[in-house]
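Asks: Sequence:
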Amino acid sequence: MKLGKTQSLRDVAGLVGACAVTILAVIIISALYVGREVFVPVALAILLSFVLARPVNLLQSWHVPRAIAAIVTVLLAFAVIFALGSLIATQLSRLAGDLPQYQSTIQSKITSLRGVTGGSTTLERAGGMLQDLSKELNKPTNAPPPSLTNPPSNTLASRPVTPVPVEVLQPDPGTLANLRSLIAPLVSPLATTGIIVIFVIFILLQREDLRNRLIRLAGAHDLQRTTAALDDAASRLSRLFLNQLLINSGFGVLIGIGLWIIGVPSPTLWGILAAVLRFVPYIGSIIAAAFPLTLAVAVDPGWSMLVWTALLFFVIEPAIAHVIEPMVYGRSTGLSPVAVVISATFWTALWGPIGLVLATPLTVCLVVLGRHVERLAFLDVMFGDRPALSPPEIFYQRMLAGDPTEAAEKAEQFLKERSLSSYYDDVALKGLQLAQADLDRDALDLVRLTRIKETVQEFTDDLTDEVDQEPDGDQTTTDAEAAAAVEETSGDSAGDDIPMLKPSDLKREWQGEAPVLCIGGRSQLDEAAALMLAHLCRVHGIGARVEPSSALSTKNIFGLDVSNVALICLSYLEASNTAHIRYAVRRLRRKAPHAKIIVALWSAEDPKVADTNESAQADATVLTLRDAVKFCVDEAHAALPPQTIEMPASAVV
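Quick note: the sequence shown uses our numbering, first residue 2, plus one each step.
Heads up, some of the hints might be wrong.
Derived lysine to aspartate or glutamate pairs resembling DMTMM-like cross-links, with alpha carbons at most 20 Å apart [what the hints assert, rightly or not]: (1) Lys-431 x Glu-482; (2) Lys-431 x Glu-459; (3) Lys-597 x Glu-514; (4) Lys-431 x Glu-394; (5) Lys-417 x Asp-480; (6) Lys-417 x Glu-407; (7) Lys-631 x Asp-620; (8) Lys-503 x Asp-635; (9) Lys-417 x Asp-462; (10) Lys-431 x Asp-404; (11) Lys-631 x Glu-471; (12) Lys-592 x Asp-628; (13) Lys-503 x Glu-514; (14) Lys-592 x Glu-575; (15) Lys-597 x Asp-620; (16) Lys-592 x Asp-620; (17) Lys-431 x Asp-441; (18) Lys-417 x Asp-466; (19) Lys-431 x Glu-489; (20) Lys-417 x Glu-467; (21) Lys-631 x Glu-467; (22) Lys-503 x Asp-466; (23) Lys-417 x Asp-463; (24) Lys-431 x Asp-635; (25) Lys-431 x Glu-455; (26) Lys-592 x Asp-562; (27) Lys-417 x Glu-489; (28) Lys-417 x Asp-473; (29) Lys-417 x Asp-498; (30) Lys-597 x Asp-628; (31) Lys-431 x Glu-488; (32) Lys-597 x Glu-471.
Restraint ranges, calculated between C-beta atoms of paired labels, are given here [said to hold, decoys possible]: (33) Ala-320 x Ile-284: 14 to 20 Å; (34) Gln-61 x Asp-12: 52 to 58 Å; (35) Asp-620 x Ala-322: 17 to 23 Å; (36) Val-298 x Asp-466: 48 to 54 Å; (37) Ser-505 x Val-382: 20 to 26 Å; (38) Glu-489 x Ser-305: 53 to 59 Å; (39) Asp-404 x Asp-635: 34 to 40 Å; (40) Leu-211 x Arg-539: 35 to 41 Å.
FYI, nobody ran anything at the bench for these hints, they're computed from the structure. In this text the structure is predicted, and so the values were computed from the model without any measurement. All C-beta atoms, glycine included, are put in the ideal place defined by N, C-alpha and C.
Produce the complete structure using the sequences and hints provided.
Replies: Now the structure itself:
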């Protein structure tokens, strides 16, 4: 009764907590929408501060005071922004004046297309709409409205009625009113710009103070770790946004030069627009290409300008996205594709077009904070590109689902930066330890155990062509899941590769087909771990085979083939039952007295090693697959013959 009441209280507390989080989220979203006039400048200022932080640091390294460095950097940045704005306005006005010249070209192309296709109602409607629009634009603005008075009498019906034009004259508003009408549209943009400038300068000047306040809000229980995390996050964001600005600016320059060479009008305008719109994920480049393509159709009587413009975008955009950006960013911006789409939709709905441009940078900020601040970890789970499950959990899930192919693909990505034994120890073996924990609490049945073992066998077969060596660093993985697995591995074995043996390097008793016998200790999970050890032995040039745990029974051990076996390895994922290990070693001693026996305790801790060696009387106890393979290689490697040093004749006495 008491347990049921406790469970009910927990359910109520969970429901109240969920409601509180929902209400808080609604309040925050409502505040962002209602206060967008304030939050948009603040967001722009924060992002600009990340971009300008590195130039400010550069000036400070030249012994320029921080205040002067911050003010000079901000003023130069906004001078560039204002120059670009005025250039855009000039280009737009010039383009608007030239648009009527392109009407005949568009009409002739519609006519030619209609002739080729044998008539098209859609093209006819487009042509008619264009003509109607032209007539409407050319209509005089001072035409009097139709008369609404009573018709003239019969006596005056024969006389033509001349309408009397009426003109309404406004009094002279005066100089003050003219100034007011001129300044009013500029007040809001200038005020917003002033707020952004002040915020950027304040953030650049008070970075440490703002960091300390954020540390206080996030939690000061681990001051050193939190400070290092926030400094790392700020450095990464600054580098990311600055690189993104440089890459997008380069994209705009290339597009502008290409359009100038092709002959598209206003190439500077389209280059700047391409650079700005490329901050919009996925569709930004498409939108940027739509305007020059439309203009190319209107300007060129033929179709060559359209084709060259399309080729320009289709060549430069993939080259930058798939070649330049991976080289600059390393792996990725840290956002999942779904998160990019959701964030773009969310920020656009809140803040309009400016929200669409700021969507990706703002979400990147939130994800980086989620990775470094414990209370905001849910942001990384929701929007980050790193998998929600740990690499061992994902491996275990794939083994449960019977999906060795995908697991092998992710392992190959991992092997670009780490060795095969590192993957087995840090990912695969830990995944099997999770399975062992489920087996200990009776959550795995025989069918699933068999599936896991068979999937591990197929998985190791798929990695037959891989080698167990630390990569030279020329390649880096671009897969988010593999990158997360690489980050969780220590990489301590780098530079300590286990030798690859040739048949001539082996001792005579190790030159058989399978001198290493791996036996699963108690379950099929132990056999799965033995399969990975056997695979590593074969990779290093030593033959190996695997036997199930049933081979250790009193009935089956007499039929166990131990001929040409030089070493036997007992594999255990659960090492609490030392009696089973001790009796298994004794039976194998009687069966194969000539072979060395090692016990692999994959989930044990160091203090248990000496006890296991002493109680089970094994030749060695290992804790990792790498240690087991290294032991096998050391035992199998033939001793080199002593080198004969020839003394020069002059040295002989």
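Asks: It remains to establish, for every hint, whether it holds in the given structure.
Replies: So, going through the hints one by one against the coordinates:
1. Lys-431 x Glu-482: holds (16 Å)
2. Lys-431 x Glu-459: Satisfied, since the Cα-Cα distance of roughly 18 Å is no more than 20 Å.
3. Lys-597 x Glu-514: It holds: about 17 Å lies between the C-alpha atoms, which stays within 20 Å.
4. Lys-431 x Glu-394: OK: Lys-431 and Glu-394 at ~8 Å, within 20 Å.
5. Lys-417 x Asp-480: holds (11 Å)
6. Lys-417 x Glu-407: Roughly 16 Å separates the two Cα atoms, so the pair holds.
7. Lys-631 x Asp-620: holds (14 Å)
8. Lys-503 x Asp-635: This hinted pair holds, its Cα atoms lying about 13 Å apart.
9. Lys-417 x Asp-462: With Cα atoms ~19 Å apart, Lys-417 and Asp-462 stay inside 20 Å; holds.
10. Lys-431 x Asp-404: This hinted pair holds, its Cα atoms lying about 17 Å apart.
11. Lys-631 x Glu-471: Satisfied, since the Cα-Cα distance of roughly 15 Å is no more than 20 Å.
12. Lys-592 x Asp-628: violated (25 Å)
13. Lys-503 x Glu-514: holds (13 Å)
14. Lys-592 x Glu-575: violated (24 Å)
15. Lys-597 x Asp-620: With a Cα-Cα distance of about 6 Å, the restraint between Lys-597 and Asp-620 holds, given a limit of 20 Å.
16. Lys-592 x Asp-620: holds (15 Å)
17. Lys-431 x Asp-441: Status holds; Cα separation ~15 Å.
18. Lys-417 x Asp-466: holds (14 Å)
19. Lys-431 x Glu-489: Distance of about 12 Å is within 20 Å: holds.
20. Lys-417 x Glu-467: holds (11 Å)
21. Lys-631 x Glu-467: holds (17 Å)
22. Lys-503 x Asp-466: holds (16 Å)
23. Lys-417 x Asp-463: Holds, because 16 Å separates the two Cα atoms, which is no more than 20 Å.
24. Lys-431 x Asp-635: Cα-Cα ~25 Å, so violated.
25. Lys-431 x Glu-455: holds (18 Å)
26. Lys-592 x Asp-562: Between Lys-592 and Asp-562 the Cα gap is close to 9 Å, so the pair holds against 20 Å.
27. Lys-417 x Glu-489: Answer holds: Lys-417 to Glu-489 is near 15 Å, not above 20 Å.
28. Lys-417 x Asp-473: Holds. Lys-417 to Asp-473 sits at ~9 Å (cutoff 20 Å).
29. Lys-417 x Asp-498: holds (15 Å)
30. Lys-597 x Asp-628: Roughly 15 Å separates the two Cα atoms, so the pair holds.
31. Lys-431 x Glu-488: holds (15 Å)
32. Lys-597 x Glu-471: violated (29 Å)
33. Ala-320 x Ile-284: 14 to 20 Å: holds (19 Å)
34. Gln-61 x Asp-12: 52 to 58 Å: Between Gln-61 and Asp-12, where Cβ atoms are some 56 Å apart, the hint holds.
35. Asp-620 x Ala-322: 17 to 23 Å: Given about 56 Å between the Cβ atoms, the range is violated.
36. Val-298 x Asp-466: 48 to 54 Å: holds (52 Å)
37. Ser-505 x Val-382: 20 to 26 Å: With Cβ atoms ~53 Å apart, the hint is violated.
38. Glu-489 x Ser-305: 53 to 59 Å: holds (54 Å)
39. Asp-404 x Asp-635: 34 to 40 Å: holds (36 Å)
40. Leu-211 x Arg-539: 35 to 41 Å: Hint violated: Cβ distance 57 Å, outside 35 to 41 Å.
In the structure shown, a violation is registered for the earlier hints numbered 12, 14, 24, 32, 35, 37, 40, in ascending order.
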